[in-house]
Amino acid sequence: GNSVTQMEGPVTLSEEAFLTINCTYTATGYPSLFWYVQYPGEGLQLLLKATKADDKGSNKGFEATYRKETTSFHLEKGSVQVSDSAVYFCALSADYKLSFGAGTTVTVRA
Amino acid sequence: DTAVSQTPKYLVTQMGNDKSIKCEQNLGHDTMYWYKQDSKKFLKIMFSYNNKELIINETVPNRFSPKSPDKAHLNLHINSLELGDSAVYFCASSPTGPQVQPQHFGDGTRLSIL
Numbered sequence: 155g156n157s158v159t160q161m162e163g164p165v166t167l168s169e170e171a172f173l174t175i176n177c178t179y180t181a182t183g184y185p186s187l188f189w190y191v192q193y194p195g196e197g198l199q200l201l202l203k204a205t206k207a208d209d210k211g212s213n214k215g216f217e218a219t220y221r222k223e224t225t226s227f228h229l230e231k232g233s234v235q236v237s238d239s240a241v242y243f244c245a246l247s248a249d250y251k252l253s254f255g256a257g258t259t260v261t262v263r264a
Numbered sequence: 200d201t202a203v204s205q206t207p208k209y210l211v212t213q214m215g216n217d218k219s220i221k222c223e224q225n226l227g228h229d230t231m232y233w234y235k236q237d238s239k240k241f242l243k244i245m246f247s248y249n250n251k252e253l254i255i256n257e258t259v260p261n262r263f264s265p266k267s268p269d270k271a272h273l274n275l276h277i278n279s280l281e282l283g284d285s286a287v288y289f290c291a292s293s294p295t296g297p298q299v300q301p302q303h304f305g306d307g308t309r310l311s312i313l
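Which chain is which? The protein sequence lines are C and P, in order.
Its first residue numbered 155, the first sequence is counted upward by one per residue in this note's numbering.
Its first residue numbered 200, the second sequence is counted upward by one per residue in this note's numbering.
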């Protein structure tokens with residue numbers, strides 16, 4: 155079946171630090187891949203997406219590249235801000251549904 | 200002009216009661232979903248409807264019954280609530296098409312069972 159594994163948190167960083175959240179997937183066929191972000195008390199928002207191998211999704215300084223050879227979609231940001239504190243979910247879309255990773259809680263301290 | 204709206208935002212009730220959560224989307228999407236998020240933030244799909252027809256029904260107790268009166272609405276009715284039903288329930292919607300489209304989420308309904 156389809157599944158997503160992402161690094162466990164929580165992750166605590168200082169402002170301007172580099173953030174990486176690892177995500178690997180298992181899927182039949184060629185799924186689309188997403189990163190969603192959930193700010194405290196809110197629903198999930200799409201952060202970025204990639205629909206085919208070697209696509210790079212980017213938004214708000216975050217980037218992730220669809221790597222078919224390593225079945226990965228790692229999220230990176232070069233300089234985080236306090237406002238980036240949230241829960242980040244990696245997800246793949248196949249068979250008309252999203253399969254989510256367990257979520258990684260990121261806290262950025264000033 | 201909220202895209203996906205759920206009501207109520209908070210729901211506190213006793214074990215054994217029956218309750219409903221409503222969801223509406225004004226995005227013109229064809230597909231709507233219900234997800235359950237547990238206390239550890241783990242998200243799991245429960246149901247999906249496309250143009251008012253059920254297309255995904257994960258292993259969910261039959262105490263949970265979704266209803267889609269039209270493609271802009273997907274309500275969730277829960278009978279005989281149990282302690283384990285305490286969670287945040289998210290509604291989402293997406294367009295359908297030849298390529299997979301991202302889903303838009305509501306802000307969630309926090310259900311607490313006493």
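Calculated from the structure, these hints are not laboratory results.
Careful, some of the hints might be misleading.
[Claimed, not checked] Computed cross-link-like contacts, DMTMM-like style, restricted to lysine to aspartate or glutamate with a CA-CA straight-line distance of at most 20 Å:
no., chain 1, residue 1, chain 2, residue 2
1, P, 240, C, 238
2, P, 239, C, 170
3, P, 240, C, 209
4, P, 218, P, 237
[Claimed, not checked] Partial chain P-side listing against chain C, Cβ under 8 Å, derived:
no., residue
5, 209
6, 242
7, 245
8, 251
9, 252
10, 253
11, 258
12, 263
13, 265
14, 283
15, 286
16, 302
17, 304
In this text, all values refer to a predicted model and were calculated from it rather than measured experimentally.
Here a beta-carbon is modelled for each residue, glycine too, at the ideal position from N, C-alpha and C.
Going down the list of hints, with the structure as the test:
Of the pairs offered as hints, the one joining residue 240/P and residue 238/C holds, with about 17 Å between alpha carbons and a cut-off of 20 Å not exceeded. Proximity of residue 239/P to residue 170/C is assessed by CA-CA distance (about 28 Å); at most 20 Å being required, the pair is judged violated. Taking the CA atoms of residue 240/P and residue 209/C, the gap is near 28 Å; set against the 20 Å cutoff, the hint is violated. Taking the CA atoms of residue 218/P and residue 237/P, the gap is about 18 Å. The hint holds against a cut of 20 Å.
Against a cut-off of 8 Å between C-beta atoms, the interface hint on residue 209/P is violated, since the closest Cβ of chain C lies about 11 Å away. Interface hint status for residue 242/P: upheld, as the beta-carbon distance to the closest one in chain C is roughly 4 Å, under 8 Å. Interface hint status for residue 245/P: violated, as the beta-carbon distance to the closest one in chain C is roughly 10 Å, over 8 Å. With a least beta-carbon distance of about 15 Å to chain C, the hint placing residue 251/P at the interface is violated under the 8 Å criterion.
Because the smallest distance between the Cβ of residue 252/P and any Cβ of chain C comes to about 12 Å, over 8 Å, the interface hint for this residue is violated. Interface hint status for residue 253/P: violated, as the beta-carbon distance to the closest one in chain C is roughly 11 Å, over 8 Å. This hint is violated: residue 258/P has a C-beta 13 Å from the nearest C-beta of chain C, more than the 8 Å allowed. Taking 8 Å as the C-beta contact cut-off toward chain C, the hint placing residue 263/P at the interface is violated, the least distance being around 16 Å.
Taking 8 Å as the C-beta contact cut-off toward chain C, the hint placing residue 265/P at the interface is violated, the least distance being around 14 Å. With a least beta-carbon distance of about 19 Å to chain C, the hint placing residue 283/P at the interface is violated under the 8 Å criterion. Using the Cβ-Cβ criterion of 8 Å, the hint placing residue 286/P at the interface with chain C is not satisfied: the shortest such distance is roughly 14 Å. Hint status for residue 302/P relative to chain C: holds, with the closest Cβ pair at about 6 Å, below 8 Å.
Because the closest C-beta pair between residue 304/P and chain C is about 4 Å apart, less than 8 Å, the hint holds.
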